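Chain B: place on chain A using the hints.
Protein chains in written order, with numbering that gives the first Met the number 0: chain A, 0 to 537; chain B, 0 to 537.
If you're looking for bench data, these hints aren't it; they were derived computationally from the structure.
These figures come from a predicted structure and were not determined experimentally.
Treat the hints with caution; some may be incorrect.
Treat identical chains as interchangeable: a pair holds within one or across any two.
Calculated cross-link-like contacts (lysine-lysine; reagent style DSSO-like; alpha-carbon spacing at most 30 Å) [said to hold, decoys possible]:
id, residue 1, residue 2
1, K104, K190
2, K417, K396
3, K5, K190
4, K25, K190
5, K389, K190
6, K276, K104
7, K508, K417
8, K5, K344
9, K417, K503
10, K503, K276
11, K417, K190
12, K396, K372
13, K311, K295
14, K503, K104
15, K389, K285
As a plain string of letters, each chain reads:
Number of protein chains: 2
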Amino acid sequence: MSTDPKQILILGGGFGGVYTARYLEKLLRPEEAPITLINRENYWVYQPMLPEVISGSIGLTNVVSPIRRLCPRTNLIMREVEDIDLKNQIVTISPGFRPRHLQLKYDHLVIALGSITDFHGMPGMIENAMPFRTLADAMVLRNHLIHVLEEADVEENPELRRQLLTFVVGGGGFSGVEVMAELNDFVRSVKRNYLRLRNQPHRCVIVQAADRILPEMSEALAIFAQRILRQRGVEIILNDRLKAATSERAILQSGTEIPCKTLISTVPSALPPIVQKLDCPRERGKLGVNTGLELKDYEGRVWALGDCAAIKTAAGTIVPPTAQHAIREASTAAINIAAAVRGGKRAEFGFEGLGTLGSLGHGAAVAQIFGVKVSGLLAWLLWRCIYLMKMPGLHRKVRIATDWLLYLLFAPELAQTKVAFESGIRNQHFEPGDIIFEQGDLGNSVYVIEEGECEALREQDGEWKLLATLSRGEYFGEMALLSNQTRNATVRVRTATDVLIIPKADFNKLRHSVPAFGEVFSELAEQRAMAGSLGARH
Amino acid sequence: MSTDPKQILILGGGFGGVYTARYLEKLLRPEEAPITLINRENYWVYQPMLPEVISGSIGLTNVVSPIRRLCPRTNLIMREVEDIDLKNQIVTISPGFRPRHLQLKYDHLVIALGSITDFHGMPGMIENAMPFRTLADAMVLRNHLIHVLEEADVEENPELRRQLLTFVVGGGGFSGVEVMAELNDFVRSVKRNYLRLRNQPHRCVIVQAADRILPEMSEALAIFAQRILRQRGVEIILNDRLKAATSERAILQSGTEIPCKTLISTVPSALPPIVQKLDCPRERGKLGVNTGLELKDYEGRVWALGDCAAIKTAAGTIVPPTAQHAIREASTAAINIAAAVRGGKRAEFGFEGLGTLGSLGHGAAVAQIFGVKVSGLLAWLLWRCIYLMKMPGLHRKVRIATDWLLYLLFAPELAQTKVAFESGIRNQHFEPGDIIFEQGDLGNSVYVIEEGECEALREQDGEWKLLATLSRGEYFGEMALLSNQTRNATVRVRTATDVLIIPKADFNKLRHSVPAFGEVFSELAEQRAMAGSLGARH
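Just chain A, same shape as in the assembly (with noise of 0.2 Å):
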């Protein structure tokens, strides 16, 4: 064998990934096949416990683990990938510092992309609802979630307080209920350190669009886990799902709005868009592989696994996505690698599940292992004891059980760990009846109606008066930027409208370096004032 050793790539860093990395490097000796891993980041996490960064009960840093550390062996590239050309067996992976595409080749190539949450055909959900699935997510959550309660904290309209102290989450399923769990733990016990929320309720919500929450489990657990959340002040909403989002409210498909602040959306998930594009047969929406989870196609070179792949168990229903499939999927797709490298016996995946389990938040769950169902606090210790020994090391251990013991005897982090609020260029859903600006407000963006309607009205001597129709194509609020005073006008919305938002520091600098850009505002800004209104764009 003097050939040149076989290049094995793994894209992407969840449980699929990494494990396959790790097997691999159990299987292969380094100089039969150097094994290249990419991710967007440089640590794997720990999704069964991803929900306990929102509370604080495990810090940030110890519900991921470092990948180099888990795969000592794998060089980890730290990029995205961008393409994947399996004619060719190159991937492309996005620029570093220098703007330049990295690529490379590969023998055997591993599909672990995962999913993504989809919010196509559903308005104003990108914009506004939240997404829970990484590390970044949580964080945003939780700064966000500090945020709300700072506000509420000195908010004077009751209405606004209300909204400020709502949450929603759409999705019923484990994701959906143990972040809300977690959600709703955490804002229970912090607002008692604030002067004026302590005897303020907060309002949590649910929204599922079957007739009970938990579909992965028997409904006996699912009656329970609905009582206990009830029990504790978690409002669920059932046979309904979200249609749409402003800044302001969810909109559900009933029709019902909740005003709120706080939107988090655990569905539903898509391939991502890579993978999306793969030219390969495809089985329910995802990548289709046999039962050595090899691709249809591409048998022997490349191998799907998680999140993106169609992968049955033995008896042929569908693989939930779960981390105990995806180890047992590595394990698979590893054997079936290193026989492809060396030679050897190849595997098939067939594994049916050991159980499965769900936390309600701090002293409750419900499991069903093996059969047995077990809810209430045993479930939650059953809970704990489990994902303990499950997570890998035992540094992440040790820190982990440290966090739990030292959450029981002091109260929850407080400290918010934003870097930064400000948000540059962006778009923003609104619905009929919103108000996009209000006379007396700072002026502090300029917009550009990309689809909809709005009209601008003024207020004097208590009468409102329609000063304009504003509709696609139309810009507005440079007046009040150019001016450097209040809004001279209310912006309100007539049919459900998309707007493009330039914040005041980007406005600043665009027309200051781009005199064309400028003089677009500043010629209709002095046509508005010339007109006494604030009248349509010639």
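Relative to the frame of chain A, chain B by itself:
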């Protein structure tokens, strides 16, 4: 006493502000005077331990403490102070979710807004030098360090790899030395997890204006510190200072240039703008106060303390910006405010300082306490004991002690907790000879020259041809974005240049929504394509 209770307003949540609130909570009964504290964050940072966040020897949230828990009776408002009107006794606060200012009237005001880093007259520093004052700064730095290590591990070009592995700190006072010591420890210990970096040297440089580091200490200790740092591989450049910076290098007064991707500056400091513009007497550029820490001309109404005030010790020397002094200042101010509210004895500030302590990284420090000089391991243990004892609250003490213990047992954390790398429309500085982009690069942004001159060059058959000279007000980089191809020319800087960078995503949003903006660039691209070059804008 049937009058309304007096409103006490504290601006700033550092040692000065938080300790003033804590002392006032003890001195006054709740009904005597409500206390409000305004701070941009909801936590107080334990500055002496902040550098330890870099190496992760203390967890992110353990180096801070929630202000609501430190001052449970104080109303915290997590916003920015935007204006102080001393004449009318009104403080204006930044808007929250709603774009409205909040105005607060006070009877007694405490100004404890600290200082900011001031890069005035140092081109490129604001864009490229990282400050180190807040928790956010520490997180950004830590994540940046991991990012450059990840990129260095992928980089094939030895020169660029060296640049990625070079770390420069401007300022050799306590802050600069401690940051560098932690950074060096961290890089050295995690490097071994990077397969390709294990045997690569890294370079750490401290640039100090004086002829020795640690001017706060005796010469003997400073010399000891220099020896320890040099033993640990830190270069110390004396009698020189940072003059300018680009994204590729640090430029010193002497002309020395250090290619690097990491530049941290701990000097120089200035008053925050809103303190700067106050109409009141100054001393040495800071707010003038009397021995009762009352702001001159506003005695009995306004107190100023911490880094923004010119405070003298009993011996008449100016007070250094340390925690021990700020705490004593807070005590003096609180006693005098309580006296103003309900009468009683007044206090004068006259604290001389107990000593100074500086950490040199794991296992070494220098200390000078009550005139006794200590160095090495003993000083380091002293450092840890003293600062742990002074951290308020049992919870934090336990957490920090636990972190230290686990750090001794296990390898340091390596997970990057970045939320996002993306940055919007921004400025950048280039020095003569710099390459803004290279022929063949991906087109990721459009540039506007705000100052300076560049040349566009194209390589053909091994020869470089000058296509155009670009100067102030001209745009470039639009061709690759509009055609979705790689750069067809190299842009090199001729004289020191400042540009506005418009990233691809923002550029595309703007040109679709604001046609006049898009036309500027598409017309330009057309002209340039016709001229077969990157001709200047007409």
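The hints, checked one at a time:
{"no.": "1", "hint": "K104 - K190", "verdict": "between (54 Å within a copy, 26 Å between copies)"}
{"no.": "2", "hint": "K417 - K396", "verdict": "both (27 Å within a copy, 23 Å between copies)"}
{"no.": "3", "hint": "K5 - K190", "verdict": "between (57 Å within a copy, 27 Å between copies)"}
{"no.": "4", "hint": "K25 - K190", "verdict": "between (49 Å within a copy, 23 Å between copies)"}
{"no.": "5", "hint": "K389 - K190", "verdict": "between (33 Å within a copy, 27 Å between copies)"}
{"no.": "6", "hint": "K276 - K104", "verdict": "within (19 Å within a copy, 60 Å between copies)"}
{"no.": "7", "hint": "K508 - K417", "verdict": "both (25 Å within a copy, 26 Å between copies)"}
{"no.": "8", "hint": "K5 - K344", "verdict": "within (18 Å within a copy, 82 Å between copies)"}
{"no.": "9", "hint": "K417 - K503", "verdict": "both (21 Å within a copy, 26 Å between copies)"}
{"no.": "10", "hint": "K503 - K276", "verdict": "between (38 Å within a copy, 23 Å between copies)"}
{"no.": "11", "hint": "K417 - K190", "verdict": "both (19 Å within a copy, 27 Å between copies)"}
{"no.": "12", "hint": "K396 - K372", "verdict": "within (26 Å within a copy, 42 Å between copies)"}
{"no.": "13", "hint": "K311 - K295", "verdict": "within (14 Å within a copy, 78 Å between copies)"}
{"no.": "14", "hint": "K503 - K104", "verdict": "between (46 Å within a copy, 28 Å between copies)"}
{"no.": "15", "hint": "K389 - K285", "verdict": "within (28 Å within a copy, 57 Å between copies)"}
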